[in-house]
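Let the hints inform the model, and build the full structure from the sequences given.
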Amino acid sequence: MTDEVDAQASFAFEGNWRDYAPIAFTNLLLTIVTLGVYRFWATTRTRRYLWSNTRFIDDWLEWTGTGKELFVGFLMVLVLIGLPFLFLQFGAQALVLQGQVALAGVLTIMAAFTIFYFTGVARFRALRYRLSRTWWHGIRGGSDDAGWGYGGQYMWRTMVAYLPFGLLIPWSMMSLWNRRMNRMSFGSEPFVARGRARPLMKRFLLFYLAPILFVLLAIAMADIYGGELGGGIRVTSSFPPILRIIAFLVIFLGVYTLLGLIALAYYAAFLREAIDNLSLGGLQFSFEASTDDWLALFFGDVALVVCTLGIGAIFLQYRHWKFFITHMGAAGEIYTDQLAQSRTRTDRHGEGLLDALDVGAF
Amino acid sequence: MEAFRLWHYDGVTAVRRDVALAAEGEAHFRLTEPESGWTGEPVAWDDLTVIGADKGRSAYGHRALPGWRMGFAGDAPPDIAARLPRAERYGRWIDRFGLWQAAAAFTLVAGLVVWGALEAPALIAPMIPQSWENRMGDAMVGDFGGRICSTPAGDKALAALVARIDPDAEARDVVVANIPLVNAVTLPGGRIILFDGLIQQAGSPDEVAGVLGHELGHVRHRDTMTGLVRQLGLSVLLGGFAGDTGGYLNGVLSLSYGRKAEDAADSVAIAQMRAAAISPAGTAAFFERMGGKGEGANMERAMTWLSSHPLSADRRKRFEAAVQRGAAYRPALDAAQWRALRRSCKSDPSVEDAWGRPF
Numbered sequence: 001m002t003d004e005v006d007a008q009a010s011f012a013f014e015g016n017w018r019d020y021a022p023i024a025f026t027n028l029l030l031t032i033v034t035l036g037v038y039r040f041w042a043t044t045r046t047r048r049y050l051w052s053n054t055r056f057i058d059d060w061l062e063w064t065g066t067g068k069e070l071f072v073g074f075l076m077v078l079v080l081i082g083l084p085f086l087f088l089q090f091g092a093q094a095l096v097l098q099g100q101v102a103l104a105g106v107l108t109i110m111a112a113f114t115i116f117y118f119t120g121v122a123r124f125r126a127l128r129y130r131l132s133r134t135w136w137h138g139i140r141g142g143s144d145d146a147g148w149g150y151g152g153q154y155m156w157r158t159m160v161a162y163l164p165f166g167l168l169i170p171w172s173m174m175s176l177w178n179r180r181m182n183r184m185s186f187g188s189e190p191f192v193a194r195g196r197a198r199p200l201m202k203r204f205l206l207f208y209l210a211p212i213l214f215v216l217l218a219i220a221m222a223d224i225y226g227g228e229l230g231g232g233i234r235v236t237s238s239f240p241p242i243l244r245i246i247a248f249l250v251i252f253l254g255v256y257t258l259l260g261l262i263a264l265a266y267y268a269a270f271l272r273e274a275i276d277n278l279s280l281g282g283l284q285f286s287f288e289a290s291t292d293d294w295l296a297l298f299f300g301d302v303a304l305v306v307c308t309l310g311i312g313a314i315f316l317q318y319r320h321w322k323f324f325i326t327h328m329g330a331a332g333e334i335y336t337d338q339l340a341q342s343r344t345r346t347d348r349h350g351e352g353l354l355d356a357l358d359v360g361a362f
Numbered sequence: 001m002e003a004f005r006l007w008h009y010d011g012v013t014a015v016r017r018d019v020a021l022a023a024e025g026e027a028h029f030r031l032t033e034p035e036s037g038w039t040g041e042p043v044a045w046d047d048l049t050v051i052g053a054d055k056g057r058s059a060y061g062h063r064a065l066p067g068w069r070m071g072f073a074g075d076a077p078p079d080i081a082a083r084l085p086r087a088e089r090y091g092r093w094i095d096r097f098g099l100w101q102a103a104a105a106f107t108l109v110a111g112l113v114v115w116g117a118l119e120a121p122a123l124i125a126p127m128i129p130q131s132w133e134n135r136m137g138d139a140m141v142g143d144f145g146g147r148i149c150s151t152p153a154g155d156k157a158l159a160a161l162v163a164r165i166d167p168d169a170e171a172r173d174v175v176v177a178n179i180p181l182v183n184a185v186t187l188p189g190g191r192i193i194l195f196d197g198l199i200q201q202a203g204s205p206d207e208v209a210g211v212l213g214h215e216l217g218h219v220r221h222r223d224t225m226t227g228l229v230r231q232l233g234l235s236v237l238l239g240g241f242a243g244d245t246g247g248y249l250n251g252v253l254s255l256s257y258g259r260k261a262e263d264a265a266d267s268v269a270i271a272q273m274r275a276a277a278i279s280p281a282g283t284a285a286f287f288e289r290m291g292g293k294g295e296g297a298n299m300e301r302a303m304t305w306l307s308s309h310p311l312s313a314d315r316r317k318r319f320e321a322a323v324q325r326g327a328a329y330r331p332a333l334d335a336a337q338w339r340a341l342r343r344s345c346k347s348d349p350s351v352e353d354a355w356g357r358p359f
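Sequences listed follow chains A and B, in order.
Residue 1 is where the first sequence starts when you use our numbering, and the numbers rise one by one after that.
Residue 1 is where the second sequence starts when you use our numbering, and the numbers rise one by one after that.
Read the hints as simulated data drawn from the structure, not as lab findings.
Remember, it's a predicted structure, so these values are computed and weren't measured experimentally.
The beta-carbon is built from N, C-alpha and C at its ideal position, and this holds for glycine as well.
Keep in mind that a hint or two might mislead.
What the simulated footprint calls covered on chain B by chain A, stretch by stretch (three residues with Cβ under 8 Å from a Cβ of chain A suffice, anywhere in the stretch; the number is not a length) [what the hints assert, rightly or not]:
1. 22-34
2. 50-62
3. 87-97
4. 165-178
Chain A regions said to be covered by chain B (calculated; three or more residues, Cβ under 8 Å) [said to hold, decoys possible]:
5. 31-40
6. 59-73
7. 254-268
What follows is the structure, given as C-alpha cells:
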C-alpha cells in the first residue's frame, strides 16, 4: 500500500477550458439575474470542476463545499461584523459633528484594528475551510485551531515588519505562512512548514531601489513642468514639449513596471521557498513557477480580460488554479493504509469572513 | 460477462479497494473485495449522495459516513444505475425548474427587489417613530461643530421668518450656519439649516422664505428619513459594507430626494408663502439668477443648493405662476430684521470658522 511518488507526475490538472466554459457562462448569467446572490453557488460549481479535474498521484481531488454554507458564512459576517461596523461608523460621524473629534478618532482606530485582526483570522479560517472541504482517497484535511490566536500573531508580526524600514517583511510573511500551515493537517498527518526568510532577502532588497526610481520620476515630473526639486535643484529642459511628455510617460510607466516586476519576482521566490519547505508525512512538496511563469500568467490575464472587454474575467479562477497545480509537485512516499481520517472539527459555514474582507487564502 | 467492479474508500483510511456490488434485500447493498476477502457493512441505497458525475467518472458518498466513497468509470449496469441518485447541476432549486426558466424567474424577482428598494423607503420612513428620528438627528448634528450663528437681533429676525413660513412649528429647529455655500439642508429630526452663503446670495428675505418653505416640505414629508432608509437598504442589498467609509453626514448632505419629492416640497413652499402673504416672485428670481450662471460653473453648482435641488425652468415658472395679481403681499422680513439676519454670522463673536474645525 505504498506509492513511490515522482515529483512532476504527482499533481496534474486535466481540465479543459472548453469543458469549463459552460460552467463559467451559466455562473455569470445566474449571478447577474440573482443580483449577485448566486455567486456562492457559482464558486462551489467552479471549485467542484477544478478539484475534480486535479489528479494527485492516482486519484482526483473532490470539493465537497456547498453554496449554502458559503452563503451562511456571508450572512454571519454581515450580522456579526457588518452591522456593528455600520453603527460604529455612524457613531463616529455623529461624534465628529458634535466636536468630539478625539473620541471619534479612538473609535475609528479601534475599528481599523478590529478589521486588521479579523483579516488575519480570515486568512487562517479560509485555508482551514478549503482544506476541510478537500477530499482525496476518502480523506479530508482541516485544523483544530479556530484561528483566533493567529489573528493576534498576524497583527503584531505585520506591524513589527514595517518598523526597521520594512526589512522584516520577508520574515513576517514567511513566519506567518509557517505558523498557518503548521496548524493544518490532512487526514492523520500534520503539515510541516519550515520556510526561511533569509533566501528571500536578495530579491526583497530590490524594493529598496524604489526610492531611486522615484527620484527619477520626480526629475521626469519636474522636466515636464520645469519645476524645482527639493534643495534648490532646478531642472530645465530644452526638449520640445511633446518629447518631454513622451519621456515622462516612458519613465512613469517604466518605474511602475519595474516595481511590479520586483513584486512579482519576490512573490515567485516566496512561494517557491514556502512550498519547497512544506511536507506532509513522507511527502515533500515543491513549487517551480519562475518569475517568467508569473509574468506570463499576469500578462495572459490582462490580455484575456482586455481582449474580451472584461468577460474573460470569468476564466481567471480557472487559469490561476491551473497555474498553481501545474507548477505544484510532491515527491516521497505515501502510505495509504497509514493515512487515516482527519479528526478535526468542521464548521457548518464557509469562508464568509474572507469573502467580506476580500483577502486570498494564499 | 465480466462482473461490474467499483473502487471504494471506507473513509477511515486512504486505502483504495477494488470491489463488487451485490444487492442485499430491497433497500440495501454490500461491497466486497474478492481478492482480499474484505467485506463492507450493508449500505442503504437511499443513503447515497452524488460526489461527482462527469466525463464518464462517477463518484458517490454516504449521507452519514464522511469520506465513504464508491465510484466507477463508464456506465453502471442498468439495475444499479436505476438505484443511484441523480447529480445536481446548478443547485437544487434551479435544477427543478431548468436553467432558463429559473433565470427568467430570478430576473423577475430581481426586478421586484430593485423596484422595492427604490419604492419601499417612502413607505417605511413614515413608520419610524418621530422621536427616534429626532434623537438620531440630534446625535448626528449636535451643535453643528459650533458653526451656528446666533446674535440676539439675528435670532429674533430668524424667529420672525420661521413664524410666518412655519406657523405650526413643524420644523423642530431652524438655524443659520456659518458656511459660505449657497445651500440649505434638512436633517433627520426636522432640523433645517440655512447656510450663510445662501442668505448672503439672496436678494431679499422673500427668497430665503421660499427656500425655507421648500425645506419645510421635506420636513413635513420626512424625505430625509426616506433617503436614509433608501441608502441603508441599498448598502445592505449590494453588500456594500466592506470598506465603505464614505460617511453618513456626506450621505445626508448629498441626499437627493427625487423629482417627485422636490415637486411636493415646492408645493409646500408655495402654499406656506400664500398663507403668509409672501410673494413667490423673489424665489422665482432666485432660480433665474442661479440658473443664469449656465453650465460653465459646474464646480460651483456641485457645491450649492442646486446640486441637490435640480434647477429647471419648470420650477422657476411654477413660482412665477404662483404670484397672484393684486394680492396684498408683505415682505417676509422688514428692512431692520433682514439686516440683522444677514449680519447674524458676521457679528457672532463665538461662532466657529466655516472650515476651522473638521466635521
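Hint-by-hint comparison with the structure:
Three residues within the 8 Å Cβ limit are the bar, and the region 22-34 of chain B against chain A gives 0, so the coverage statement is violated. Coverage of a stretch by a chain is defined here by at least three residues with a beta carbon nearer than 8 Å to that chain's beta carbons; for the region 50-62 of chain B and chain A the count is 7, and the condition holds. Only residues whose C-beta sits within less than 8 Å of a C-beta in chain A count toward coverage, and the region 87-97 of chain B has 3 of them, enough to reach three; the restraint holds. Given as covered by chain A, the region 165-178 of chain B fails the check, having 0 residues with a CB less than 8 Å from a CB of that chain where 3 are the minimum.
Counting residues of the region 31-40 of chain A whose C-beta lies closer than 8 Å to any C-beta of chain B gives 5; at least three are required, and the coverage claim holds. Coverage of a stretch by a chain is defined here by at least three residues with a beta carbon nearer than 8 Å to that chain's beta carbons; for the region 59-73 of chain A and chain B the count is 5, and the condition holds. Note: the region 254-268 of chain A has 0 residues with beta-carbon separation from chain B under 8 Å; the three-residue rule is not met and the coverage is violated.
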